[in-house]
Amino acid sequence: MPRPMGVRNHDFAEKREALLDCLCEFALQAGLQRPSLRRFAKAADASEPTLRHYFSDRQGLVIAILSCFGQRIRENRAVSEPATRVADLIERQLSGSLNGLRERSEIRAHAFGLVEGLSDPAVGEAYLEHVLEPSLGAIAEGLAGGEAATRPRSALRAASLSVLAPLLVMVIHQDLLGGKPRWSFDESHTLEQIRNGLSAGLEP
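Numbering of the sequence shown is given in the numbering used here, commencing with residue 15 and proceeding in unit increments.
One or more hints might be untrue.
As the list claims (entries may be wrong) - Think about it this way: if two alpha-carbon atoms lie no more than 20 Å apart in a straight line, the pair counts; the simulated EDC-like pairs of lysine to aspartate or glutamate are: (1) Lys-194 / Glu-206; (2) Lys-56 / Glu-39; (3) Lys-194 / Glu-89; (4) Lys-56 / Asp-71; (5) Lys-29 / Asp-71; (6) Lys-29 / Glu-62.
Claimed, not checked - If you anchor each label on the Cβ, the simulated ranges turn out as follows: (7) Ala-172 / Asp-59: 44 to 52 Å; (8) Thr-98 / Leu-46: 23 to 31 Å; (9) Asn-113 / Asp-35: 51 to 59 Å.
Calculated directly from the structure, the hints in this document are not laboratory data.
This one's a predicted model, so the numbers in the text were calculated from it and none came from an experiment.
Every residue, glycine too, gets a C-beta built ideally from N, C-alpha and C.
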């Protein structure tokens, strides 16, 4: 007996999650482009009506992918043992953020969110909510311990931007856009400059 119109299949959540996992991986490899719903369907070995059934439309699918990215970033940035010295707090956030951008494909998640979000305000808001703000929040939380514990929230939020923004631009420039051969950065010097600026703002 066919399922009545508007009634979800009993394993809706499981099938949606499986599709989303597949499409998140595809989005991380999609490059600086906006895949069509047809291209998403092909990547998931599914039909366009199937994707509409689980995500309503392309916008809904893209927002779901960004939510998936955000969950992965939160899991990857779980707080480890606390540090007390400001220098150690800064070093941990710099190395963790750079490693996340490069080794865990977070730069691809940000690139996908920027390309999609700048073309669609609703998707832009989803990128902020699910990816960019959680990334900044995790860094601010990581900087909030030990000697920096008395710093106001506004200072920690500004510091989180001082960590993520230059790293994000550097990795997009050097890696995604291929700028390294012609316009390379001295990475050690760049990180040292960021450390010095953060130390001046966070040292008690």
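Here is how each hint holds up against the structure:
Between the alpha carbons of Lys-194 and Glu-206 the distance comes to roughly 19 Å, so the proposed pair stays at or under 20 Å and holds. Between Lys-56 and Glu-39 the alpha-carbon distance is near 13 Å, which keeps this suggested pair within the 20 Å criterion. Our distance criterion of 20 Å between C-alpha atoms is broken by Lys-194 and Glu-89, whose separation comes to about 30 Å. With a CA separation close to 15 Å, the supplied pair Lys-56 and Asp-71 stays within the 20 Å bound.
For the hint pairing Lys-29 with Asp-71, the CA-to-CA distance comes to about 16 Å; that is within 20 Å, so the pair holds. Restraint check for Lys-29 and Glu-62: satisfied, since their Cα atoms lie roughly 15 Å apart, inside the 20 Å limit. Checking the proposed 44 to 52 Å range against Ala-172 and Asp-59 shows it holds: the Cβ atoms sit about 45 Å from each other. Distance hint check: the CB atoms of Thr-98 and Leu-46 are about 41 Å apart, inconsistent with the given range 23 to 31 Å.
A hinted range of 51 to 59 Å for the beta carbons of Asn-113 and Asp-35 is inconsistent with their spacing of about 23 Å.
Of the hints listed earlier, those the structure fails to meet are numbers 3, 8 and 9, in rising order.
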